[in-house]
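Novice: If you want the building blocks of each chain, they are given just below.
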Amino acid sequence: MSVQTWTYILVGITFALYIGIAIYSRAGSTKDFYVAGGGVSPLANGMATAADWMSAASFISMAGIISFAGYDGSVYLMGWTGGYVLLALLLAPYLRKFGKFTVPDFIGDRYYSKTARIVAVICALIVSFTYVAGQMRGVGVVFSRFLQVDIDTGVIIGMIIVLFYAVLGGMKGITYTQVAQYCVLIFAFMVPAIFISIQMTGNPIPQLGMGSTLNDGSGTFLLDKLDGLSTELGFNEYTDGSKSITDVFAITLALMVGTAGLPHVIVRFFTVKKVKDARKSAGLALLLIAILYTTAPAVSVFAKTNLINTVSNEEYANMPVWFKNWEETGLLAFDDKNEDGKIQYVADKNKNELTIDNDIMVLANPEIADLPAWVIALVAAGGLAAALSTAAGLLLVISASVSHDLVKKVFKPNISDKSELWVARGAATVAVVIAGYFGINPPGFVAAVVALAFGLAAASFFPAIVLGIFYKKMNKEGAISGMVVGIILMLFYMTKFKFGWFGGGTEADWWFGISPEGFGSIAMIANFIVAIIVLQFTPEPPEDVQEIVENIRIPSGAGEATGH
Amino acid sequence: MSEKQKKATAYWKENVRYLFILLVIWFVVSFGAGILFKDALDAIKIGGFKLGFWFAQQGSIYVFVILIFVYVRLMNKLDKKYGYNE
Numbered sequence: 001m002s003v004q005t006w007t008y009i010l011v012g013i014t015f016a017l018y019i020g021i022a023i024y025s026r027a028g029s030t031k032d033f034y035v036a037g038g039g040v041s042p043l044a045n046g047m048a049t050a051a052d053w054m055s056a057a058s059f060i061s062m063a064g065i066i067s068f069a070g071y072d073g074s075v076y077l078m079g080w081t082g083g084y085v086l087l088a089l090l091l092a093p094y095l096r097k098f099g100k101f102t103v104p105d106f107i108g109d110r111y112y113s114k115t116a117r118i119v120a121v122i123c124a125l126i127v128s129f130t131y132v133a134g135q136m137r138g139v140g141v142v143f144s145r146f147l148q149v150d151i152d153t154g155v156i157i158g159m160i161i162v163l164f165y166a167v168l169g170g171m172k173g174i175t176y177t178q179v180a181q182y183c184v185l186i187f188a189f190m191v192p193a194i195f196i197s198i199q200m201t202g203n204p205i206p207q208l209g210m211g212s213t214l215n216d217g218s219g220t221f222l223l224d225k226l227d228g229l230s231t232e233l234g235f236n237e238y239t240d241g242s243k244s245i246t247d248v249f250a251i252t253l254a255l256m257v258g259t260a261g262l263p264h265v266i267v268r269f270f271t272v273k274k275v276k277d278a279r280k281s282a283g284l285a286l287l288l289i290a291i292l293y294t295t296a297p298a299v300s301v302f303a304k305t306n307l308i309n310t311v312s313n314e315e316y317a318n319m320p321v322w323f324k325n326w327e328e329t330g331l332l333a334f335d336d337k338n339e340d341g342k343i344q345y346v347a348d349k350n351k352n353e354l355t356i357d358n359d360i361m362v363l364a365n366p367e368i369a370d371l372p373a374w375v376i377a378l379v380a381a382g383g384l385a386a387a388l389s390t391a392a393g394l395l396l397v398i399s400a401s402v403s404h405d406l407v408k409k410v411f412k413p414n415i416s417d418k419s420e421l422w423v424a425r426g427a428a429t430v431a432v433v434i435a436g437y438f439g440i441n442p443p444g445f446v447a448a449v450v451a452l453a454f455g456l457a458a459a460s461f462f463p464a465i466v467l468g469i470f471y472k473k474m475n476k477e478g479a480i481s482g483m484v485v486g487i488i489l490m491l492f493y494m495t496k497f498k499f500g501w502f503g504g505g506t507e508a509d510w511w512f513g514i515s516p517e518g519f520g521s522i523a524m525i526a527n528f529i530v531a532i533i534v535l536q537f538t539p540e541p542p543e544d545v546q547e548i549v550e551n552i553r554i555p556s557g558a559g560e561a562t563g564h
Numbered sequence: 001m002s003e004k005q006k007k008a009t010a011y012w013k014e015n016v017r018y019l020f021i022l023l024v025i026w027f028v029v030s031f032g033a034g035i036l037f038k039d040a041l042d043a044i045k046i047g048g049f050k051l052g053f054w055f056a057q058q059g060s061i062y063v064f065v066i067l068i069f070v071y072v073r074l075m076n077k078l079d080k081k082y083g084y085n086e
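Chains Y and E, in that order, are what the protein sequence lines are. Here the first sequence is numbered in this note's numbering, starting from 1 and rising by one per residue. Here the second sequence is numbered in this note's numbering, starting from 1 and rising by one per residue.
Keep in mind that the hints were calculated from the coordinates and are not lab data. Keep in mind that a hint or two might mislead.
[Claimed, not checked] If you only want the chain Y side, here are some residues facing chain E, beta carbon under 10 Å, derived:
| no. | residue |
| --- | --- |
| 1 | 70 |
| 2 | 78 |
| 3 | 297 |
In this text, a Cβ means the ideal position worked out from N, Cα and C, and glycines have one as well.
Pulled out of the complex, with its shape left as it was, chain E reads as follows (with noise of 0.2 Å):
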């Protein structure tokens, strides 16, 4: 294998990493807290919310907003790293 091969090969792993720990953290605001477990989590109440409803109508989105942000904040940083950033 080559320098540069090896180079992108690595670059592909650190990549799918990401991906998978930020789309776990995606499935557990939206399907965990928003549908399977809101019933449990409806007996926590903030404010007039009851916790479940929350997550499944406000709280998974705002959490959307920030994976995204996230994930460009890893990647330019990891782009930066193999010198693949323009």
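Just chain Y, same shape as in the assembly (with noise of 0.2 Å):
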């Protein structure tokens, strides 16, 4: 059978899976449609987190980043995973406590003001608005090559499923959804990496074969080579970076705080019964995780060194099929600068002849690698459930965003529980609407477009949330200010140095040799000064508020989530 009848076989039955589930558990309540009754199971609920997370940027672009990046796309697999050390530790168990539904909830009781409330609902709609337009962009990159339509028919495809499934189920409808979509996911990565580990070194652990010798019978290591290969052409040692040790460090810490922040994460935490469970399952995400963000590294090594074995100085015309079917997508592009009909990929902007994006190098790598056709079709079911899983969990904080936080808690405090789960119906649909449109016309490709949403993240919530857990006396007018002065900063900076707004800027111009990526983490920084300074000249906050934190710290009781 050829690749495009497995694609449709595979991407069909996968289909009817997810909608199979959603309408076997659709949500009756608010309760099932925010947290999806909270009942959820320790590790369904880490299952759910793991796809939630892995996104199309951990899913397409991220081995593809890391195979361009070598050592510098090292900020990605640390700053997504080490993320979930800070959440178990600092936020997931207290929040889980607190049990209300959403992160503004937390936010507007905490600080005692439907100003903060206010502020944490914009900050929520910025960052999932951010993060959600890649995910449509994924979607679309996905359906153009697989299933040859063009990505602007991909996305609105891709729009259609999720909205059915996300209005539909709600929290409960994805949560399910989303255990299958991570076991799809996790197998799709897996199958491909573990017969592309065989085939270069023998070892059919990826993460050790990265580490291990070639199997051409030279002894050389792996590694070893690809640095060789890499220096050959003028780039930098794959093992060695190109950007400053501080751009690194300011990168992965906002990725990291960034991931903590994330409303969409966040929330999983309040659909498991006890502090207990929370803790548990955010241990269970993250290994779940884990098995993918060890992977990808090793899957990076062994595509580029693929790829410079295939392409390198090899006559243009005797390009395997997969070539050509990637310039037919725009994603991989062949110009022949010196007309000598070989394929020179070098460092030298002036003579490298071909452009490549950095999304095929996962979605290719079975190609490229020779492997069998329902291989490469699995990978096209796992990129879409790895989008998919994670557009889903931001419609929800979105949805629940204008209906829980908006409507029923500042505009129309006593509408019912049925007219309120239309509202976050209604809202989900506006934003599926919204996110397709950015998935059209999208800002930047979709790894550049997510990096971001974590510095808004991490400028925003993380410091309000923290210091509402462990700073007992941090006050509304602290954490206010502290969220909006963190927030505009990074966003100034972003549109500043990524769209040239505000005059606009060159790397030379950057603060301290920070990129736009990792200037989240000064922005949070300006956010915990900003807040501390502020509480210095403003009234403590009341005794009921005190008492409310003491008893979020004690695990026990933590009762069911509730909205009121």
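Please assemble the complex out of the two chains, which come individually in their own frames, going by the hints.
Specialist: Here you go:
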């Protein structure tokens, strides 16, 4: 059977599965819709969190980015996993004990203020929309290559699927769909990785294969070989970066803190029964995520070595079929500058003839390694699972922010549960349409956009939540000014250096040599400092709020999550 | 201070001490071994891996997973000690 047929079969089966689960576990109340009824087991929540977490960026783009960035790509590996340590130790157990539906719920109650709640809602919306746009784009890329439709049609098909199960099932629907999506995506990621690891090094475990010797009898270590190839072509050594230590440090920190501050990840911990379960499911989530995150850098090494061996200095006319296929999508381009009919892939921009989009490395990897058709199709299904699960989680945060935090808590407190559920569904629909628009007119490639969402989360939520738990005397004035300063500073820096607003600027103008991706750490520190300074000049929080803080520090008696 | 409050304060103190120790390890394996001291550690090679590079792309992640499970164990014990387990 051809790749095309396999893709239709696998994508068709998985989609039918997701829709089936969504219908079976549709939401009947707002509690089902926001926190899946509150009785999710730690393992199911761990799997759902992992799928929610691992987005199109993790599945499709990350290994590709690392392929081209080498050591510099470590920021994503450490950043997107290390954040779970912060989440498990500093946030998840206490937020579960607090026991409400959303992150703005916590901010609003802990800081006894509607203003704080609204600021938190705005931050949640900015973060989630930035993030979801990247997901829709990922869906489009997969559809366009594997199902031969153009990217925009792909985005629209993705929108309809997500709409269907997020709107119908709410948190309950997406939790159980995400469990299935985790299984699909991890299987789809591991199978080609294991195949290629055996092919190249004879070791079936990619994590070890990466550090093994090549299978060709030369006895050379794979990483040494790749370092050699890279320097030969004029690139940096693969295992050495080109970014400054300061920038690598800042980006890693921003991604870690951002991970812990992302509302769609935090809300997952509202769905378990007890505080104890929240801790455990954070551990399970990271374990399940680590399987992909430790395999990805191995995939990067395999793919990069394979790519160089296949294309470097070879006749264009002799290129395998996948090369032509990917050229058609526009993600791969060859421009024969010196007209010798051969492909020169080198660091020197004036001589380089091959432009490769990061996203290809994972998607084309099985084809480059000549794996069977069903494996190639499996990657398509996995990429879609990753993008859809994350998009659904984000849409839920957006809809809950609107229906629960704005409509119910601010504008219309006496709205009935039934009507609130319908408002939530309406908000999810509007959110899908907006996300789809951004997917069709994207502000950059998938991971770049996603990386900035982390900066925004780091700059806004993380300090407010951590101070809310660990600093009993923190008051509303401090927290609100911190969040406002943090997110505005981050938005300013991001738009200045990414979109050229406010006079724009180049790398030479970066503050402290820190890139927009890493600036979240500076904005976060600014948030902390502003909050603590403002606190000195404003009154202490009321006694009952301080009691809330005392109470969330004790794990027992968590009870059920409520919206009231 | 009531007996109940004293217990809560003592529990919180021990909790914060655990957090501090675990976060120091968290920082050392990632920001330390993977970034600040990466070049020095790269002089050591294990199999095909330079050690600093290994910490940045593999080792730190393994340690993160272990850290959370250690935390889960420590806290379950602590909850029991103070009678906060359910």
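Novice: Could you check the structure against the hints above and give me the numbers of any it violates, in ascending order?
Specialist: Structure breaks no hint.
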